[in-house]
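Peer 1: Heads up: the sequence lines are chains A and B, in that order.
With the working numbering applied, the first sequence covers 30 to 142.
With the working numbering applied, the second sequence covers 70 to 181.
FYI, nobody ran anything at the bench for these hints, they're computed from the structure.
Mixed in with the good hints there might be a few duds.
Calculated lysine-lysine pairs in the DSS-like style (CA-CA distance at most 25 Å, straight line) [what the hints assert, rightly or not]:
#1 K31(A) / K126(B)
#2 K139(B) / K126(B)
#3 K140(B) / K126(B)
#4 K140(B) / K96(A)
#5 K140(B) / K78(B)
#6 K96(A) / K85(A)
Listed below, chain by chain, are the residues.
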Amino acid sequence: QKEVEQDPGPLSVPEGAIVSLNCTYSNSAFQYFMWYRQYSRKGPELLMYTYSSGNKEDGRFTAQVDKSSKYISLFIRDSQPSDSATYLCAMSVRQTGANNLFFGTGTRLTVIP
Amino acid sequence: NAGVTQTPKFRVLKTGQSMTLLCAQDMNHEYMYWYRQDPGMGLRLIHYSVGEGTTAKGEVPDGYNVSRLKKQNFLLGLESAAPSQTSVYFCASSYGGGGEQYFGPGTRLTVT
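If we strip away everything but chain A, and leave its shape as in the complex, we get (with noise of 0.2 Å):
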């Protein structure tokens, strides 16, 4: 069993839906949780970042974390063709002085206009 599990999708919505996109993890260990976006032939670019259970915001974007359920979401709001790419959740936990990633193997999402 992986320690993060995403659901790969691939996720294809309508511009201006609700987007949900999940992760599971087994590792109760993870401190910090984290969506990183990612275009196609490019790097990661994070997204979110926060590092307790409830909800963070930040403009059309909620990351939800509940830790007793080892459970993230990742909620788009008003989604746009600008919006498609894939979503990665990742967690850490230290290892040896440095807080590694632990990724899960993406959401690729599509938004038609």
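Got chain A sorted already, so can you dock chain B onto it with the hints?
Peer 2: Chain B in isolation, oriented as in the chain A frame:
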């Protein structure tokens, strides 16, 4: 401010050949990382460095070596390339060793 850059962008190797991938960052970050990304496997950590002159193994270190002789550079070496090392390689850096990592554009490597 270029951020994180990687050289080369593409490379094709024959089995048994060697090569070095170069990562450079201009953000004065202490921590640097090398990942590989494969379909269905996600990003996996190969090696990382918590400062100049230090290196440590990640999740999938076999077949790779690294060096961090200068703070701004992190080199990934393949001594004897194998087809299983065909992948996209990403370098990343971070200031404080937390989750906020900045990624380079990637190197696409094919080993035939």
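Peer 1: Hints numbered earlier in the text: which of these fail when held up against the supplied structure?
Peer 2: Violated: hint 4 alone.
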